[in-house]
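J.: Below are the chains, spelled out letter by letter.
Protein chains: 2
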Amino acid sequence: MSGEKFKAISVADFFYKNREIAGFDNPVRATYTIVRELVENALDACEQYSILPDVRVKLIDEGNSIYRLKVEDNGIGVPYEQIPYAFGQILFGSKYTLRQSRGIFGLGGKMAVLYGQITAHSNVKVISSQGGYEKYMFELSINIQENKPIIKKKEVRPNPGRWRGTIVEIKFEGDYIRAKPKIIEYFRQTSIILPYANILFIDPDGVLYRFDRITTVMPKPPQEIKPHPHGIDIEMINRMINSSRSSTLLDFLVNNFHRVGVATALSFLKSVKIDPEMNPRDLKPEDIVKLVNKMKVYDKFRPPDPDCLSCIGPELFKAGIIREFNPEFVTVTQRKPSAYSGHPFIVEAAIAYGGRIPIVPPDEILVYRYANKIPLLYDLHNDVTMKVIKKINWKRYKIDLANMPLAFFVHICSTKIPYKTVGKEYIADRPEVEYEIEWALKTCARNLRIYLSKKEKINIAHRRYSIIEKYLPIISQFTTELANENTQPNYEKILKRLQIHAKESEQRSIIQVN
Amino acid sequence: MSGEKFKAISVADFFYKNREIAGFDNPVRATYTIVRELVENALDACEQYSILPDVRVKLIDEGNSIYRLKVEDNGIGVPYEQIPYAFGQILFGSKYTLRQSRGIFGLGGKMAVLYGQITAHSNVKVISSQGGYEKYMFELSINIQENKPIIKKKEVRPNPGRWRGTIVEIKFEGDYIRAKPKIIEYFRQTSIILPYANILFIDPDGVLYRFDRITTVMPKPPQEIKPHPHGIDIEMINRMINSSRSSTLLDFLVNNFHRVGVATALSFLKSVKIDPEMNPRDLKPEDIVKLVNKMKVYDKFRPPDPDCLSCIGPELFKAGIIREFNPEFVTVTQRKPSAYSGHPFIVEAAIAYGGRIPIVPPDEILVYRYANKIPLLYDLHNDVTMKVIKKINWKRYKIDLANMPLAFFVHICSTKIPYKTVGKEYIADRPEVEYEIEWALKTCARNLRIYLSKKEKINIAHRRYSIIEKYLPIISQFTTELANENTQPNYEKILKRLQIHAKESEQRSIIQVN
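Taken in sequence, the protein lines are chains A and B.
Quick note, the first sequence lines up with residues 97 to 610 if you use the numbering used here.
Quick note, the second sequence lines up with residues 97 to 610 if you use the numbering used here.
Some hints here could point you the wrong way.
Copies of the same chain are indistinguishable here, so a pair counts whether it falls within one copy or spans any two.
To be verified - As a list, the in silico DSS-like pairs of lysine-lysine whose alpha-carbon atoms are at most 27 Å apart:
1. LYS390 <-> LYS276
2. LYS278 <-> LYS483
3. LYS369 <-> LYS386
4. LYS553 <-> LYS248
5. LYS551 <-> LYS276
6. LYS589 <-> LYS553
7. LYS392 <-> LYS276
8. LYS248 <-> LYS369
9. LYS491 <-> LYS538
10. LYS250 <-> LYS380
Treat the hints as calculated values from the structure; they're not laboratory data.
Bound conformation, chain A alone (with noise of 0.2 Å):
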């Protein structure tokens, strides 16, 4: 009986083990999630600096399955000494704060360039300028088992047009055919939610996918914040304690903690029993675990502030909606901020009618699900907006989901979204979120009831008036040969009248609920 052979791995090297967790199951997967990585980090690139973004992306068949990807941005550009980390070691990146960004893992980058490499032995080809003099260019790969960049090829070369922004280029083996709905509507989903986006898609067939902005309005970037006391941990406390210079516990929770004032403190303080003016490296384990544990449910706390999201505002979704579906009538709510288990969230959701939206099959509805701005395109049964679309007792609403052309939308932007899978497919139930979706939904099934209740009204008005411009002729020339007159009384008037009154009220209406 032998022992067990133990040994450590990097944690390169699990997720090269285990690369189906992060999307890359088989090369149309594959295929979809590299363009989908490298796409969400050029745009973060460009939103978290205010910088209205250029994107484009061209995908090159080389033949036997080899695809070569080159994605361009107008972002930020990344520092000179950091590119080979950014690019060839996994678990290292500028993500790892307080504040909403599409990548949350610090992985998909990386993971998209050690697919290339094991596929098709490819290295990633990066250039990048943060807009200096020179601009920077790399060729790496990743050590997996030591989860280290190795630099096959470096190049300083000269930036005479203060050029700003990050190339990547990466050869894989992939599946174009079968992953193009996926990427195309990928694409598409994404040009709804980012109107102010020019995104430039050019596929293997050399065929031209352009999304061109329609504004050059931005929402606010989101700011970086300290995490609020209902989200904290024992580790997390543990390292601010570690980390502060504070002398007194008081000062301690007033300097680390998001809206965390010297009263606030005092009265948990207080609630808890614990001296303020103690030296919060002399708490012991068992004062800790009090203390994190009143932390997280004191309800004295203000709720944290939404200021470190971004979303993308009523006007601006609208406007996207509109582009792309030409509604007969959209309606789109923000709900106010909320929380959940510390983190702050914010849900806009959006029903749009008509227009160019299709009628779909008994069993299907048109869904579409946005967490930090990314669409999400799988996994929608298991998606918590799901949930609440098929709890909504729709009749009360007059909506028909089977007969009406309808399309449903629900974005979450959160510093931190719920995700299920590493592979950011679907959304997990928390209560709270299932709360927000399902009152930002009912008041757009709200606005759209008012609204066809109003072209009902219409519609009614309109017969109405047709009825009448038909017979009133009719009875007048009837009621003027009764009674032997020569001339009609002048009907067009009352005509005219009821026009105009038809007309006004179906502006009224429009105006009121659009």
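Since chain A is already given, all that's left is putting chain B on it; use the hints.
T.: Relative to chain A, chain B alone:
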């Protein structure tokens, strides 16, 4: 405009920040996951070494939502110097080989330790011995930022009884009341697939759940194997070349690959036009790409040997099902080994009918899914098994899912189960796997149809016999009276013969199909 703040985080930090990915969403789910992960490690420590498992699990409510879990096994034990790493460093373990085991990620046990630490500030307490004169006690926690074990306490104790095994104790924040149904179900389903294991669970209310072994027969433990050429990628072959001493490609292939002999290697190299005498270290990157691509598709490699797999086998599977359901009929099929992308796998399936199996409400189906002997309790509707059950035309087998007391069982064992998530929740629908599950269930369905139609025939025979039994005496009496005789014919003999005949055919039928 400031630049991005870049930093690297440890893998422990990654999983700490994204613990929902590993099944630690909330206290309810975490309670279930911790129990499961530790029980699985305990079972693996026994079964991999042909030790009949004795696993005792005790969960104690310590108040304030804090629980203490103690899991004891009689397995192989952990060597003294490995204990800190095996429990305090994520991605350190004994399971990174090509061999079937429950754990594949080297993650679950450590995530339990990490979760205990961040929710209850607890250390993990480990006592282990490999059966020598000493046993070892450690109290550990994890330095999450550096992914290193912190030894809080260690002791070497005498082991006069030469006890062998491991005891793990963790405190954590949980919710047993809401996790209870899943936990009990987990133990019940585990006992079905492990009829040779003693499992004891004492819950926080002091209720004792006992699953005693009913056999001492165990399946043979899985063997470690070399990689199959169909499952190769560029990274793997580069690593193999770096660690190989072979000076020719022929030697290299024969020594490093599963089921590749000299003849196979030669004909493969001929087909790709590479010189067998070439030194593998002289292969250029483009040669390696070519070699790997050809290896993946070359169809003359022998299929993987299932010796590395440890199925439960029809006899043991049936025994487990009978113990749990005492069904009227049960049929088990084991398919021949198959493979997907170079990973061998075997599907075993069973259908049981009657006995203690309830008739479930329509729309529900009683399905027990296992992967490498782990019961899968979540996300049934995403699992490939459910897809197959919905696809099969059960009417062809005279099986009525809605009105018959039926239970379905599917077990897949493989060196690499195609899980979709780290939480080991459900199996991706690889076509090869889907095919095997479909045919396994169809074979079972055919057997069940045969049984049901035999049963129907027996019923007819019985009904016929009882009619004859009732009327033969009357007919006999009538005919005797009509013939003016005094003594009736000896119809008793005829009845007895018919009865014997009916019974015999009944026994024959059951022996034949059961």
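J.: All the hints need checking, so say for each whether the structure fits it.
T.: A quick look at each hint next to the structure:
| no. | hint | result |
| --- | --- | --- |
| 1 | LYS390 <-> LYS276 | between (51 Å within a copy, 26 Å between copies) |
| 2 | LYS278 <-> LYS483 | both (23 Å within a copy, 22 Å between copies) |
| 3 | LYS369 <-> LYS386 | within (10 Å within a copy, 70 Å between copies) |
| 4 | LYS553 <-> LYS248 | neither (71 Å within a copy, 76 Å between copies) |
| 5 | LYS551 <-> LYS276 | neither (39 Å within a copy, 53 Å between copies) |
| 6 | LYS589 <-> LYS553 | within (23 Å within a copy, 89 Å between copies) |
| 7 | LYS392 <-> LYS276 | between (46 Å within a copy, 24 Å between copies) |
| 8 | LYS248 <-> LYS369 | neither (60 Å within a copy, 29 Å between copies) |
| 9 | LYS491 <-> LYS538 | within (12 Å within a copy, 43 Å between copies) |
| 10 | LYS250 <-> LYS380 | between (51 Å within a copy, 21 Å between copies) |
Checked against the numbered hints given earlier, the structure breaks hints 4, 5 and 8 and satisfies all the rest.
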